[in-house]
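Undergrad: The listed protein sequences correspond, in order, to chains A and B.
Residue numbering for the first sequence follows this note's numbering, starting at 1 and increasing by one per position.
Residue numbering for the second sequence follows this note's numbering, starting at 188 and increasing by one per position.
Simulated from the structure, these hints should not be mistaken for laboratory data.
Treat the hints with care, since some could be wrong.
[To be verified] What follows is a set of in silico ranges between Cβ atoms, one per label pair, in the way DEER data are often shown:
hint, chain 1, residue 1, chain 2, residue 2, range
1, B, 274, A, 145, 19 to 25 Å
2, B, 191, A, 141, 47 to 53 Å
3, B, 212, A, 135, 15 to 21 Å
4, A, 62, B, 314, 46 to 52 Å
5, B, 368, A, 121, 25 to 31 Å
[Unchecked claim] Under the rule of at most 30 Å between Cα atoms (straight-line distance), these lysine-lysine pairs were calculated in the DSBU-like manner:
hint, chain 1, residue 1, chain 2, residue 2
6, B, 352, A, 118
7, B, 352, A, 106
8, B, 257, A, 128
[What the hints assert, rightly or not] Partial chain B-side listing against chain A, Cβ under 8 Å, derived:
hint, residue
9, 222
10, 225
11, 275
12, 279
13, 300
14, 326
15, 327
16, 333
17, 335
18, 336
All of these numbers come straight from a predicted model, not from anything done at the bench.
Glycine residues also receive a C-beta, built at the ideal position from the N, C-alpha and C atoms.
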Amino acid sequence: MTRVRSVFAALSLALTLALSLAVAMPRALVAQQAPAAPRDTLVVTPEGLRAGAPTKATDPALEARTSAVASGLRCPVCQGLSIQDSPSELAQQMRSLVRDQLAAGKTDEEVRAYFISKYGEWILLEPKASGFNLLVYALPVLLVVGGLGFIITLVRRWTVAPALGDASDASDASDRDAADGGENSTT
Amino acid sequence: MNRTRAFLGMLIAIPLIWLFARGMGRDPRDLGPSPLAGREAPGFKLAVFAPGQETLARPAGDTVRLESLKGQVVVLNFWASWCLACRDEHEILSEVARLYVGKPVHFLGVLYNDDAASGNKWIAEMGGQSYPSVLDPGARTAIDYGLYGVPETFFLDANGRVAFKNTGPVTATVLHRVVDSLIAAAAAK
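Construct the complete structure from the given sequences, taking the supplied hints into account.
TA: What follows is the structure, given as structure tokens:
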């Protein structure tokens, strides 16, 4: 019986952790949606590398803003990489476009809005914390808290119950001994 | 008590299983409709590098402006010489473009992350291309159309709106079905 309980406890802990991780990592799940076609686009030609080579930073503030915006945009031909981190040609071209748009006076939010208008919200590495997306942020916390509560309740119940069981067993035994002793003494 | 527990367990488990099953059941290549669908197609002004053939030809170096194609259905095909899947659709696109000569349809190829010499060499190897192709420096037009990879084909209606997007090699059936419906819609107005 104790073994069954231990197995059940381990299973429930594993399930809680797995569910928490699965929900807490929407990025990884969404990254699998990247189309297979980009396998072709990952072939980077020497010409492409030269053409897409990052230009020398002339304005540190502009470069910092470009990096910040580019870090939040998903590379369409990669698996879960931002256009800031990806070495692919398209990512470099998108980064260059981010820089040009910022240099032309657009705000960070306007540049993000441009990419969302072309690729949808999928292009954002972190979904906006509004509407249905709130579930992505709230669910892992709820699952972890609920799972911990569940485990604590179970562990408490299992540790208290056997202790009570042992105590009653012991008192039963002493009663029996006393009864036996009594019988012996009378005989 | 046991029934209540079972009910609560099911209340938590069923939505989670449904959520995961729905996610697992999705085609990883299907990213849903393009956000551009139904919206005005991003304009462009691109230079021809591959002239095309016969009546569909436009001289190399000529500039194609999307604005000038309003009133016609436009089939915009993004391709590259290094793209293997583009080989599968090349002949179909060329053939179908020929079939629509004289109709209000304009086929245009857009070279994606490639150079004109490689593009022209590839076209020659493939036996020619009936319609012209243009260069897209810096993939700016590709990004403007929200391109994920090649080949991708955009169908623009006579009002210059994005009507349909085909990801991967386009088939003759899709080309005929979409182009015919867009011509019919334009004629009905």
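Undergrad: Can you give the numbers of the hints that this structure goes against, from lowest to highest?
TA: Going through the list in order, the structure violates hints 1, 2, 8, 10, 11 and 12 and respects the others.
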